[in-house]
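Taken in sequence, the protein lines are chains G and E. Take the first sequence: its position 648, counted from the start at 1, is 647 in numbering that gives the first Met the number 0, and no numbers get skipped. Take the second sequence: its position 53, counted from the start at 1, is 52 in numbering that gives the first Met the number 0, and no numbers get skipped.
Hints in this document: simulated from the structure, not taken from any laboratory. Quick reminder that beta carbons are idealized off the backbone N, C-alpha and C, glycines included. Please note that the accuracy of each hint is not assured.
For the chain E half of the interface with chain G, some residues (derived, Cβ under 8 Å), not all of them [unchecked claim]: (1) V270; (2) D292; (3) L308; (4) D310; (5) K315; (6) T316.
Here are some chain E residues the structure puts well away from chain G; computed CB gaps all over 12 Å [claimed, not checked]: (7) R11; (8) A114; (9) P141; (10) P150; (11) V173; (12) L185; (13) P240; (14) Q290.
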Amino acid sequence: MSRVKLSGMLALLVIGSLPAAVHATPNDDPSRSMSLSPAASSDVEQPEEHEENQEDEDDPSAEVPLSPFSSIPREDVERSLSRALSSPDASFCNEKLAAVRDDPLLCSLSQLSVRQRCPGLRAACAAKPAPSSASDSSFAGSLLGKGLATVGNLVFWLVLLVLLLVLMVALARILVGVEFVAPDPRRKALPLSPSAASAVPRHVGESDVARLWSLAEQSALSSHFEDAVAALQAALIHALRISGKLHVSPAQTNGDYLRALRSDESYGAARDVFRSVEAVQFGGAPASAELYRRLFERVQPIVVRVLSVLLLCAFCFAESGCSNALSGLADGGGRGLGVLTQVLRDQQVTVRRRIRALTEIESDVSAILVVGEQSDEAWPHLLKFAEAGGMLVVTESSEALAKATNVHYLSETYKGRLDLPADLQKVPLELSAVARHALDLGAAVQGEQTYALAGKHPYVAERSYGDGTVLYFGDDEFLSNASLSVGDNALFVVNLLRNNGRVVELVGPWTGGGASSTLSSLTKAGLGALVAQLALLALLFAWHGGTAFGVRRDPVAVRRRAFRDHVLALGESYRRARATRFALATYGSWLIERLRERLSPQQPIGLIDLAGRMAAKVEQPESQLMLLLTEAREAQDDLNVAQPSPADLTTLEKLESLTLRAGASK
Amino acid sequence: MNLEQLSNELRRIETEVSRALVGQESLVEHVLVGLVARGHVLIEGVPGLGKTLLVRALARVLGLSFRRIQFTPDLMPSDITGSTLYSQKLGEFSFVPGPVFTELLLADEVNRAPAKTQSALLEAMQERSVTTDGITRPLADPFLVLATQNPIESQGTYPLPEAQLDRFLLKLEVGHPSQAAEAQILHNYVAGFDPGELSHLTQISSQAAVVAMQRALGDIRIAREIIDYVTDIVRRTRTHPSVSLGASPRASIGLLNVARAHALWEGRDFVIPDDVKSYAHAVLRHRLQLQPDAELEGITADHCVDAVLRDAVVPKTSA
Chain G
0 MSRVKLSGML
10 ALLVIGSLPA
20 AVHATPNDDP
30 SRSMSLSPAA
40 SSDVEQPEEH
50 EENQEDEDDP
60 SAEVPLSPFS
70 SIPREDVERS
80 LSRALSSPDA
90 SFCNEKLAAV
100 RDDPLLCSLS
110 QLSVRQRCPG
120 LRAACAAKPA
130 PSSASDSSFA
140 GSLLGKGLAT
150 VGNLVFWLVL
160 LVLLLVLMVA
170 LARILVGVEF
180 VAPDPRRKAL
190 PLSPSAASAV
200 PRHVGESDVA
210 RLWSLAEQSA
220 LSSHFEDAVA
230 ALQAALIHAL
240 RISGKLHVSP
250 AQTNGDYLRA
260 LRSDESYGAA
270 RDVFRSVEAV
280 QFGGAPASAE
290 LYRRLFERVQ
300 PIVVRVLSVL
310 LLCAFCFAES
320 GCSNALSGLA
330 DGGGRGLGVL
340 TQVLRDQQVT
350 VRRRIRALTE
360 IESDVSAILV
370 VGEQSDEAWP
380 HLLKFAEAGG
390 MLVVTESSEA
400 LAKATNVHYL
410 SETYKGRLDL
420 PADLQKVPLE
430 LSAVARHALD
440 LGAAVQGEQT
450 YALAGKHPYV
460 AERSYGDGTV
470 LYFGDDEFLS
480 NASLSVGDNA
490 LFVVNLLRNN
500 GRVVELVGPW
510 TGGGASSTLS
520 SLTKAGLGAL
530 VAQLALLALL
540 FAWHGGTAFG
550 VRRDPVAVRR
560 RAFRDHVLAL
570 GESYRRARAT
580 RFALATYGSW
590 LIERLRERLS
600 PQQPIGLIDL
610 AGRMAAKVEQ
620 PESQLMLLLT
630 EAREAQDDLN
640 VAQPSPADLT
650 TLEKLESLTL
660 RAGASK
Chain E
0 MNLEQLSNEL
10 RRIETEVSRA
20 LVGQESLVEH
30 VLVGLVARGH
40 VLIEGVPGLG
50 KTLLVRALAR
60 VLGLSFRRIQ
70 FTPDLMPSDI
80 TGSTLYSQKL
90 GEFSFVPGPV
100 FTELLLADEV
110 NRAPAKTQSA
120 LLEAMQERSV
130 TTDGITRPLA
140 DPFLVLATQN
150 PIESQGTYPL
160 PEAQLDRFLL
170 KLEVGHPSQA
180 AEAQILHNYV
190 AGFDPGELSH
200 LTQISSQAAV
210 VAMQRALGDI
220 RIAREIIDYV
230 TDIVRRTRTH
240 PSVSLGASPR
250 ASIGLLNVAR
260 AHALWEGRDF
270 VIPDDVKSYA
280 HAVLRHRLQL
290 QPDAELEGIT
300 ADHCVDAVLR
310 DAVVPKTSA
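Working from the sequences, and respecting the hints, build out all of it.
This is the structure:
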């Protein structure tokens, strides 16, 4: 790509830029901007550019410095930005309190740029004065965050402590038991609550053992012993259900439950309880404090055992919930990468998070954006990728990277607009950043390009590495949603990343988290402890309740009934009703008519002629056929007077045989 | 005698009868419950399971009179009820009672007699009396008909009409004994047991004691919820999709009486849902007329009763 061609692209960008956006300062070190970066030389098809290039080929004054920011029109990026920032996911931009909640960085950036695309953000920042400087804001933000974190931690542990205390008290009450003291009979019974006073006892429909247990205690303390013993019985039944010993349903009687418990150790206790409660419920026996105490002692060991297991499970699950170390990156927040992803995708760039390890990088990947710190094992693979011709985009320093490229990160705070180097001064870009780092490029090397300066230090630069390049950003915050929402930061970044190809992968803490096996997947998802606990629980249940988790039964075959089945059913009904005479009369009548239709369709004939024609057809003596037809006719005539006899069935069989031979069944 | 004593006596009767009829304890219990509930029992089972032996042993242990009628296609009604005959010696007509005038009547192969003869039992079973020549004669008290029929349908059998089936309180299905019980039967046979000779059985009860048991049913308490449960079950049989004709109100009364009798058997003075549920099959199975297509699909009355019991909500349930 010639300089002439690039100058045309620059002209296009100048035409399309906003008038108020021009801001450029001279570069202190112009020599650093002389070479052509591989990224800028990307050969992306742009039909309009070719036309412009043809017109400018003869212009000798078109020695404008190279601009890598012209391959994507500003309008396209603005459109993408508008769509991304208006999305409900971009919470930092749409919610008025986002700036306060999210990060002080947002307010700082909103003050830096003239073109702020998030009016809600600016309003929120105006409501709460933004910190005076980046360092102050960072400090205040960190103070606020630390304060909130401390309070949150305190509340969390307080709640946990209270929960533990409650559980321990509950466990102690169950294990030790509550000494029941019979209320003074002179004292008037406590009034029942409306629900208790209703016709349906409160324990009906309740399946929670702890609540039933509590209900029994409450009823006993208020001298409603009938309800109390019924609730005790319900608690016992549901405790046994949880133990896997019973299947509980409204159609099951106590006898059914006892039959299920016949070989169980709890059979005796259950039998005693059931008999006593039935005597109260159906026999009119009085429910007394003594009865309640006796049943309580029988039920308590069984219920306690079940509740203990439940509490143990609760503790186990609580632990596994705390051990979940999953964390995610909020793409919609101020520090997220949602805007960058969206804008790149709008430019037909495939953006994907890399979950797999970096050991084998696919050939279609054109650029890798490294977000956050990476392990030492990752860097050789990343540098190898760059060396092979890919674009490596980095935002933080690392020892391996510095050693390989001799580029270091300096701790320099800078808040304000970024300058463009001398060779790009004519590019109308408004870049802003709240920077904490700058770049130290060291000695100039071939294939190096500085794109933006934070004060006197390079902030965005590119350097050749092998066949590829390494693109440096001073901070990862420059790529964040908040940063891209102001000025021309988005246009700048998208052009840099887009130029190199079509597939950009984001490498971050999630990279290498992909699992090679199911076990590894569970472990990496933080579910290992949970699954282990579930397996342990399943083993406990299997050991306690047996291995039959379901009742085996043969599948029900849905049979389609054929017409033949209905006929057979009808015949069966006739047989049961001793209606053989009726069947003979009906069948005989049908057959005679059918034979007449077949043998003499033109004119009706009598039985004698019919028998004669039949004899000729089936080669059977005419007298026999006449006798058969006569019997069929007589069955019709004396249907109401004759008694059925086994001879009817014989005649029916003969008629059926005749039907088949005469072909009347067709 | 109080309820506990009556219950104990019933248990002793069962034990004694089981000395002769090995491996059919459940059948004995059901027959005794039917007897206490003043009902008649239809026993269905293949030949050779000891149905006749059961009745004879029962008669012996209960101290009741026993007659047997072998039903055949040519059996006449008067062969059951008795008839008036002219006595040349006395020069007058006198009534000769039929075998129905007994306390325990075994109607063997009851479905081999025609409907006319079967209907001769209708009045006896329901009214507990027999009318011949315009004179109504009461039957003995207690009066229990134990009828047997072969489940294998064959030529020469006449299905019992619904009206008569409805008069049987219980229909019991006798199965083959277990291997251990069958081995015990053989041991008894080798040791000299003679089914025709039951003198070794001890008479435990008496006619008066049986009547006392039947009257004690009136002392068994029935909660309102139990009555609702019984009616719920019976009504559900009428709406079951596989049933063309459900159980009658007589079935409801029978189920209630049987539940009371079972409570007495258990020594309780009140009925619980288990009493109802455990006898629902025996009371209802012969009163349900199935749809022809359901029969073709192999659905039986017991399946329908199972479905009904699965849907009926037990009173005062803990679920």
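> Against which earlier hints does the structure fall short, listed by number upward?
Replying inline: Checked against the structure, the hints that fail are numbers 8, 14, while the rest are satisfied.
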